[in-house]
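Taken in sequence, the protein lines are chains A and B. So in this note's numbering, spot 108 of the first sequence is number 108, and the numbers just go up one at a time. So in this note's numbering, spot 224 of the second sequence is number 224, and the numbers just go up one at a time.
One thing to keep in mind: the hints can contain errors.
[Said to hold, decoys possible] Far from chain B, some chain A residues (derived; all Cβ distances over 12 Å):
id, residue
1, Lys71
2, Met79
3, Val106
4, Val116
[Unchecked claim] Pairs of lysine to any residue, SDA-like flavour, derived with a Cα cap of 20 Å:
id, chain 1, residue 1, chain 2, residue 2
5, B, Lys74, A, Val106
6, B, Lys148, A, Met60
7, A, Lys113, A, Leu69
Honestly, the hints are just simulated from the structure, not real lab data. Note that the coordinates shown come from a computational prediction; the quantities given were computed from them, not determined experimentally. All residues carry an ideal CB built from backbone N, CA and C; glycine is no exception.
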Amino acid sequence: MERTNLASMEPLGKKPIQVLEKIRENLERLNEKMEVMIELQKHDKKDLQQLIPDAPLDVMTLLSMPDHLRKTAMTLCRMGRATAEDISEQTKRARAVESAYLNQLVIMGHLKKERVGRKAYFFVDRENTPGGH
Amino acid sequence: MCLFDLDFRAPSLTTLLGVEKAEHWINDYLNNASDINKVLIDLTDRIGNCGKFCVALANPGTEAIRDMSAKDRKWEMRALGRLLALKTSLLNGGGFDYLIFDTSPGLQYSSINAIVSADLILVATTFDRSDVDGTKRMLRELYDLFEKKTEVILNKVLDISSKTSKDEVQTKLKDIYQVPLLGIVPCFCDILKAQGGTIFAQEKPDHPFTRILNDMALNIDHMQ
C-alpha cells in the first residue's frame, strides 16, 4: 500500500512546479467556465437564445446587444486584441466580470479566444470570417 | 488634418473641393484593394495656415455607389476594423492630429461604423421639426447606446442677433437634446449666394460665419 502511494507520487516528486502549474491552469479554466455559467444564470440565458457560429460583430449586432455586453464588445473592438484584465482596465469593471462577458461573446460566436501561456487573449476575427462582399 | 468622405450614397467632397481626378478612393481602402496612403490626396497647398490637409474621397461613380449599397454584414464588420485601424496608422504614425469622418445622416452602416470609430460625434441639426425629431431619436437610440461624447451644432438659425435671443436658443436646445452645444450658426444669405462654388471660410476669413467655425474648432481643440 505504502509502495503504491510512493509510486503514484513519483512524478510529483520529479516536477512538482510543473504539476502545480498544470493544476493552477486547470483551476483557472474551471473558474472561467463557472463565471460564464453564473453570468448566464444572471441574465436568464436571454443573450444566448440565438447562437450563430462565426456571427459577425458588426455595428447592428453591437446595437442589438444588452448594454453590459455591448460595453465589453465595443472596448475589444477598439483595442483589437486584449485579455480580460486589459478590458477591465478600460471599463473599470472587475476582471472576473469582463472575463465572463468575453467568454459569453465567444460562445455567441462574436469573438475568438486564444491562449498564449497562462493568458487568454480575445479578438474579433475579421479576416477569417467567411463571406463578405 | 484628414477629411474622409464616408457618405457613399451621395459623395460630394470631390465636387466641393474641386478635385479633378483621384486614382484611388476610400471605397478601395475599405475593400482592402488599396493602401490608405494611396487614397489620401494632399491638398495642403490649398490652405494657407501651415497645417497639413489631406482628403480621402468617396467614389461618386454610379457603379461604385451601387456596389457600396450592396455590401453585406461581414463586409461592414471588416470595414469597421479598417476604419478603427486608421486611428493607429494615421494618428499615431501618419502625422495627423485629427481625422474627420463626414457621414450621411441616419442609420446607414457607413455612418454607424464612423460613430463607433470616433472619439467625438458632432451632430449638425436645425430647428426644423423633422430634424429635431430625427436628431432626438438618433441621440437616444444610437449615440447614447455607444456611450460616445456627443455635441450638437445648430445650423441655419434665424434671428440670433441679440444676446437674449441667443441665450433663448441655447436653453431651448439643451432642453430638447440634453447634450452640450458646440455652436450656433446663423442663416447667412452670403453662403447661399456662393452656391457651393468655393470654400467659403477660405475665401472670406473675416466673415462672421468663418469666425464661428474658428471658435468651434478652438473648442474642439481644448477638449483634448
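How the hints compare with the structure:
At roughly 7 Å from the closest C-beta of chain B, the C-beta of lysine 71(A) falls inside 12 Å, breaking its exclusion from the interface. Look at methionine 79(A): its CB is around 9 Å from the nearest CB on chain B, not clear of 12 Å, so calling it non-interface is violated. For valine 106(A), the non-interface assignment is confirmed: its Cβ lies about 16 Å from the closest Cβ of chain B, beyond the 12 Å cut-off. Interface exclusion of valine 116(A) from chain B stands, the closest Cβ pair being 21 Å apart, more than 12 Å.
This hinted pair checks out: lysine 74(B) and valine 106(A) have alpha carbons roughly 17 Å apart, not beyond 20 Å. Only pairs whose Cα atoms come within 20 Å are accepted, and lysine 148(B) paired with methionine 60(A) is accepted, the gap being roughly 16 Å. Between lysine 113(A) and leucine 69(A) the CA atoms are separated by roughly 16 Å; this keeps the pair inside 20 Å, and the hint holds.
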